[in-house]
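Using the sequences and the accompanying hints, generate a full structural model.
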Amino acid sequence: MKTTRFTNPIPSLYALLMLAYLYTPILVLMAMGFNESRYNTLPFRFSLKWYGALAQNRVLLKAAGNSLLLALVTAAICVVLATAFVLGAKTLGRRSEALAQNLIMMPMSIPWLILALSMLLLIRFLAMDKSLFFVTAGHVVISLPYAMLALQARIKVLDPALEEMSASLGAGPLTTFRRITLPALAPAIAAGGFLAFMISFDNFAISYFLIPAGTSTLPIEIQSSIKFGFTPEINAISTLIIGISLLCLLAAGLIMRSSLEHMLGRKDT
Amino acid sequence: MKRKQQLLTLPGVLVLAIFAILPLLIMFVYSFQSDSGAAGVTLENYARFFTKSLYLKLTYRTITSSIAVTAISLAISYPLAYFMAKKFKGMKNILMILVIIPFFTNQLVRVYSWLIFLQDGGVLNKFLQTIGIVSGDLELLFTQKAVVIGLVHAFFPYMVVTIYLALERVDNSLLEASRSLGAGPFTTFRNIVLPLSMPGVVTGIMIVFVPCLGTFVEPRILGGVRGTVIGTVIEDQFFEIFGWNFGAAIAFVLFALVVLSMAGLSHAGRRFENE
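Residue numbers (the working numbering), protein chains in the order written: chain A, 1 to 269; chain B, 270 to 544.
Possibly wrong hints are sitting among the right ones.
Unchecked claim - Below 27 Å or equal to it, Euclidean Cα-Cα: the simulated BS3-like pairs (lysine-lysine) are:
#, chain 1, residue 1, chain 2, residue 2
1, A, LYS227, B, LYS414
2, B, LYS395, A, LYS227
3, A, LYS49, A, LYS62
In case anyone wonders, no lab produced these hints; they're calculated from the structure. These numbers were taken from a predicted model, which means no experiment stands behind them.
Written as structure tokens, this is what we have:
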């Protein structure tokens, strides 16, 4: 018997439309980085001059370096705090575990604007100056929940029997941690660090309110050049950031496939 | 041993207590102090906020535009999530990755890309002129519409993810059972798929609506003067006007709005979970 296979075109067309909405402006921006016009106007004339200008732009490159450093430090602090937290939390009682957990996750549900300016008020209350210490603390507060998401997803599927076995074979708690728990958590630690890094690298609000005068991060520079007139170097550096993020994402995806899938709530298929 | 291990939670909790809870308390206290430097507790900041029609109008606008962004996001995300979960087979993982990728591009860069795309004489304008839909300038940038377009773009992928995850858990055999009992596609959708996906919808609404209330960068870049919302007023109090105590009061009103909507939404979410 012959069966005619009729596939409904609507789902595919709809998905394409949504992808167009999602990607068109980003692609236009990337293209404009290669356009000669200073004001992003058409007709399009290919030029690499904005990439040349970017290479000369000390301020922008310095800011990019600061963002990178800040994000690395933030990610490192976040994975240490989050790992320690999930290991400690399972020994807490049910109620205090939930309480501590809600506390750590809270910054996810408060607009960063509010967290940023309340920290600014804390600095004033302490009669101190804005400093990189507070910027980092702010970044840790908002990135920690994301690192926690990754670690929690993993610790839930970690078999407690492994640790018990290790202990019963005479391994001390430190050895068990180093030889059993840490390797088992490693993919989640990497995933959590990656998420925290991205949140921090991307963050504008916290840095904007807390950064000391004379220092800046990439998002701050991008914002100020949007505010004070167009510089097509922003298109160029945005394209670079998007490209680098994609490469990191690809690398991360390959390395930590399983733990990301756990986070999305899917089993390995 | 157990005691010692419990202590591991302490550093994280302390960081949050010192750099999130304490600042919020300080903000609350500051909101009851006068910007004029007079000592003592005063309600003048809140009185000023709730009696000036400008601030009430901006609050109203912030809420309505956040509702608009959330509603549009929901309307466009649900079909996509549904198709991904139930219609696409091999393509759905790739599609999911494509939806998630923009999360990892700078948020400001994405807003800025809309600025370029929507500007008069820009790509969209030229395109619509070519196909004959508009003759002159688009005049879309620096309007409330531009802000909504940009914010939906920034937030709807989150909604796609939460709804997709909920739909993914809907057992396909349930749908088949419904069909074999004679229910049409619409009845099956309304009685089975939709109710079961509601927790995902509620989480999605939460994840879009709450950050929308606190936006200040996107409204300023895409909306210009007409994009003023509570967030931009707060920013001005801290950077232009130096009315920090008044700024703290407005921020606290915004915070209260956030807490109220979170409470309402999680209440709704729990109801759907129990059903």
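Please flag the earlier hints that this structure goes against, numbers listed from lowest up.
none
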